[in-house]
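Undergrad: For the protein sequence lines, the chains are A and F, in the order given. The numbering of the first sequence is the working numbering, which starts it at 1 and goes up by one. The numbering of the second sequence is the working numbering, which starts it at 459 and goes up by one.
The set of hints was computed from the structure by calculation and includes no laboratory data. For glycine and all other residues, C-beta sits at the position ideal for the given N, C-alpha and C. Treat the hints with care, since some could be wrong.
[Stated by the list, open to error] Where chain A lies over chain F, by a calculated footprint (3+ residues, C-beta under 8 Å):
#	region
1	502 to 511
2	689 to 703
3	756 to 764
4	816 to 829
5	834 to 844
[To be verified] If you want the footprint, here are the derived chain A segments under chain F, 3+ residues with CB under 8 Å:
#	region
6	142 to 149
7	175 to 181
8	343 to 357
9	362 to 374
10	378 to 385
Each chain, written out:
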Amino acid sequence: MNPFALSFVILGLGLIGWLTARARALRFDRGGAKRLHSLPAQHGWFVAMWTVLPPLLFLVVWSAVSPGLVRQTVLQSPTAAGLSDFAFERDSVLAQAREVAKNPYDTEADPLARQLAPVVRAARNRYAWTGTAAAALLAFAGAAFALSRIRPDFRARSKVERTLMMGLLVASLIAIFTTIGIFASLFWESTRFFSQVPITQFLFGTHWSPQVIDAKDPGASLGAVPLFWGTFFIGAVIAMLVAIPFGLMSAVYLTQYASATTRRWMKPTLEMLAGVPTVVYGYFAALTVAPAVRKLAVLLGDPFASSESALAAGLVMGVMIIPFVSSMADDSLAAVPTAMRDGSLAMGATTSETISRVLVPAALPGVVAGVLLAVSRAIGETMIVVMAASGAATITLNPLQSATTVTKQIVDLLTGEAEFDSPKTLAAFALGLTLFVITLLLNIVALRVVKKYREAYE
Amino acid sequence: MSKPAAPPSERRPTDWKGAAMQKRIRRRYAAERRFRVLGAGAVILSAAFLGFLLLTMVAQGWRGFTVTELALPIDLRADGLKIERRQLATPAADLALASAGLEDVVQNAAVRAFGPEGDGYLAPSAWLAVRTAVKRDPSLLERRATVYVPAATGFDQALAGEGDPAMEAGVARLQKLGAISRGFNWAFLRESDSTDPVAVGIWGALKGSLLTMAITFLIAFPVGVLSAIYLEEYAPKNRWTDLIEVSINNLAAVPSIIFGLLGLAVFLGTWQIGGHVYGPMLPRSAPLVGGVTLALMIMPVIVIASRNAIKGVPPSIRDAALGIGASPIQVVFHHVLPLAMPGILTGTIIGMARALGETAPLLLIGMRAFIVTAPGGFTDPSTVLPVQIFLWSDEVSRGFVEKTSAAILVLLAVLLAMNGLAIYLRNKFETRW
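Extracted from the complex, chain F is given alone in its bound form (with noise of 0.2 Å):
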């Protein structure tokens, strides 16, 4: 650390004012101040990172999030859609329409409204705006009217000065026309899976994502707490307990991909044991398989957070109430667990804000469908969004980046809301004993 001392015959008290002490205090500061500075960077580095990534998702996102719609004059009537009135109110209207031929209709209209490209400036689903306004207003199929419908990627693309010179000359040719209207993309919150990246929304994924989060939490949440209390409070200090704790702290470090090939192995086992008994009956996508998984994932992280949370709370609470008679059951949820509800919700907060990011283990199982409507309930085929995201993120198309990074965008906004609600109970209802 420093230079030999002189031999002791010669000790004199240090010289500070010294040239030579001087220098060396000066290249010590020095040193210091670089380390100061040194750690600072790491710190300012991976905020800076992390403001980067958001940044970046926000620039290309911000665009899923509109939509360029045009203005196209339609007359049903008149371009010989043969359909009934009567025909609208039926379940069957979707399947009418289709059949009478309102995709050509509208390409038609297209070409006579904006041109011979005309067609090429819509997008691939933009007929199925006419179907929802011919079935809100059914008048339509006897006048003349004026439908918003989406643009096509490649439009919208020129529109932002980024197209083919073909798409801006309509471009400009549309806005002298004013045909052009800009707003809020309300079909991405409402919509589903697609192939158009225009007409794709994010609904039915974030409702895939609700149905398995709903069964991983009343999964893990009971199973985590439950199981917390027994090692805390009651589990006698023997051989099993300990197995138990050394389970649930291997599991708490497994990768997530493994709890993929547990789901799938046992899937697969029920699959092949039971004679292709669930095959056609609970598809692997649905949100019941999914969210086992994933509460399997998620179970450790509760159960450590609950054992901190009841081991925080102090032995007086539970000596009083011993004291005063009551049973150790009545102790321990009369109250110990009300005590300790602040960190456990915490933690399971933080294990569901983990298990809605989670991608890998539900890929495996084979939660990778292309799901073009939201899923009704629990056994039926279903995507979670980080899964829509990575699907979306996957597809040539230029028109998904922008989809893509707008969904990441809901994905960190709800998870975002989830960890701040995390810190909010934790502050709230933190106690200091």
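With the rest of the complex left out, here is chain A (with noise of 0.2 Å):
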């Protein structure tokens, strides 16, 4: 059977285990003699977390397991003979193999693949069958072993309680097993790269041209400076002289001049750029704003203008993060005490005198902050710079020419061809790596500015 449908019907098993061990505990409570120490209910979920904990952790165990399993079968059956040695040709024989197990008038299918199919079709049956089998069989023993414990003295409750609780301690120790999992995967994989190239040629090197690779010297080809370069200009010059004054701006009007109406119109509104999913405004930067700039470009006197503009990824990635400033602002700006404001109004400034006098500076850290994360936002920001920047390296100050980003490097390097110990690929999880560094410093440095900030009005 199929572990999902399974899974259903061990959840089935379980309903029905809570409910016979609660119509047994109620029927303890009717004689009134001896009290139940814990409520029928509780019983029942004891009951059910015997029956279905143990068979699903199985499942979850056998899944990993039984592809193994599968393909040892196969290989070892006489008809595997055939097969070639080599791992690569051998495991795409035995994929299709699988396809044609699923599908049998896949006609394009290598023949060796048709003759395996039936092979591969009665061996997952017959796995699963096991696998089926035996966690039917666990469901069922632990019912039995649970049901036989419940007496009006059993304390169902705090086993139940104990099971959850351990049950909530797993659940948060996964966030950090994901950092680790994180850290773990870029730094090993990193290590591996710095083996092959010296990390002072990557972190330092100018040159970076990943298609043509010296197989002695990989790190002359391999220098990732104008990668940092195009990612700083890109998102954290073009975008951010986007971002910062419409954002500052639109958090400004909107929490200090707009009618109730109009704020509650408009900040959804704006809240939906931040809703936009980021492949479609790589496709709008690429097939809209990219042609325009390039016009622009050729108007200004480039009749050579790159198509693929620094520019006009940056301009639809600071639209992208307009909202993000916007809102960072507008909780530093309603975080000012209105005792300042009132302050200022009753010496008679102007609103805008206010603003920019009273209101922007008492807020800053907490911009700064905000912008701070809006940065890290944009440098991590990979599907509009794929979609609209160039792959080209190079180092420019000029927003109509071609920049490359590193998000836009990692996803160039690992979507080629898949050879996955060749410093090409490695070099991406070293690009993720500093990516991944940099945005955290980025965020503790902002976390602390807010820090710092909030503790000067509380």
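Once you've looked at the hints, go ahead and assemble the two chains, each given alone in its own frame, into the complex.
TA: Structure, rendered in structure tokens:
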């Protein structure tokens, strides 16, 4: 049986267990002579737990192990003797056999794959049924064990609650494991990269052309400075030149000037800008903004202007970041004590004078933190630059020329042919590690700034 | 801020009516108006950009939802299609029709009906429409009939007045014949990817997205809510708890592409350590793989939203429940959690919407396969809507532009519905304590 269907059956068994146990506990209750330690429903949960958890855990393990077992069985079958010794070819035939096992009318498959298909199907069926039987056995054994323990004085509640607490703890540890996983995987792959390419060459080299890598000196064409510059130029300069004025002014207008109705309608509208998927922005940048920017460049007297300019990607990215800056600025403006605003107005300052000389300076740490977070978001943004920025790594100050970014290069490096040990692929992980560290630092600095600032007014 | 005050000895009441003061006040008011206009301008321009983006997509995409069909008279028996009726009933019907030469027969019919360039008017996938029609009504094998088949991209553009002159002549001739009809492109909602822009559809990608989102939800929601409960209600204040909090806050700010790298490294790791165990058995583009990656990505969003919602439940609720003898677990699961649920669900929907629009991590883990049939389960190769949009946007054929924009409209509609639901839930169930 398919593991997903099986999980539903197990959950159904758990429900039956819950009902049975509760009914049993209710019957104890009716005598009145002996009071139950726990509520009937808690006995129900105890049995349901024993019915559901062991087979589900088993299923998780089993679905990780059984593909390997199926493969072993198929490889040991006499039909598999004709398989190539090369792992790559063998796997390709096996993959085709798997497809044919599902859809027998696939005509383009390798003849050997067609022969293997029944073997694959048989092996899969066998292991699927073994798994199903074992899971069912576990479910019934667990249920029987738990039901046998139900007595009026049985402390079902503390058992159930202890398990639940364990579950809560495990759930919250997953965040730590993810962080460790990210760091470990990036670090591990990067170490392998830096064993082939010196770290100084990667960090300070100014020539980036991963398409042509000299096998003797891979570092010569893997200098990441042009990428860092492009990322900084597009994400932290051009995008911020759009996002900071627009975001800040929108926040100021919506909090200080706009009527309640305007605010109620315009705030969600601006937030919709943040909800548009980045792939849509990327498509828009590549199809509409980039040609317009190119035309502008031609008008300005550059007939060979790139249609993948830094400006197009940066502009659209800036628009995407506007709501982010705006809501951070909104929060920090709202945190300025009203007394300061009222005081300034009472002294005869106009609203704009109050904003620019009292509110914004007071909210500045929060605004700065918001900008830092916005920069960290912009330099990690991928799809816009993948679709609208160029792949050519140049160091330029001209926004009408092409520039490339770290994220764009990661995608380009990893979506080519799959050679997992080449310096080219590993370079993507080194870039990823750099990106991770930089965004982490930006976030830590931003949070520090916010914390310091909060203490000033509370 | 202002000019230095006059020495105290000369101090007189300010002359508000004086010309200098009036001028100064006028200047300050003008500055005030300018500032206000600047603010309004920023809001309006931002909103205008959103409007411009949506309008561009609608202008380019609406044609993607329509299809131009040509009425093609066809007589399969006379054209020598050698196939028996009973073959159509078997699962191998597609194969039989293809090997009997249906494609050539359809092209010949087009040439006969529409002139020497007739087969160029039909989409390359036109014969598939005939195939479907024949399978639905086997009597077509024996009689003359008219089948509606999709027109080629070039023909469609000529109809809109943007094609080349030869094609426009063809359009004029067929219009005289009355063979052109336009209608809603149901195939766009029913089919999957294809090399022919006329035949593509989003159903495969949409179903892939649904399956991926199901996995994401099943992992991220329970884990996110449970860890929020633990951190907010039970966690002792110590170094470990701090570590968990710091890592959740950091994860929320990590760029999405990093999660793609994590997924790739883990996947490649099992690929290598497991001795190619999973390679043939679990494709890299399975919804299971993508769903787990996205779940890790949005889990921090759900944790943070849930913690805020739980924090919003007043302590008096907890005290009252504890006071009448509820255990700490009962307090949370019977009282706090139901009250916090609207907030938690709102956060979850927003997180899911983010996962639904996410492309980069899925590109990295390899979910960019060319999928012509909708996936049947969590371990089938599949693609998702944003990745499909990305793949189509890379196509050079002009017909893909309108399909890409149409797919974007579908994606935006789904996201808008999700966000609308989140706002509705928040407004309907929000409790003010």
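Undergrad: Look at each hint and say if it fits the structure.
TA: Results of checking the hints against the structure:
no., hint, in the structure
1, 502 to 511, "holds (count 6)"
2, 689 to 703, "holds (count 5)"
3, 756 to 764, "holds (count 3)"
4, 816 to 829, "holds (count 6)"
5, 834 to 844, "holds (count 3)"
6, 142 to 149, "violated (count 0)"
7, 175 to 181, "holds (count 5)"
8, 343 to 357, "holds (count 7)"
9, 362 to 374, "violated (count 1)"
10, 378 to 385, "holds (count 5)"
Comparing the model with each earlier hint shows violations of hints 6, 9; every other hint is respected.
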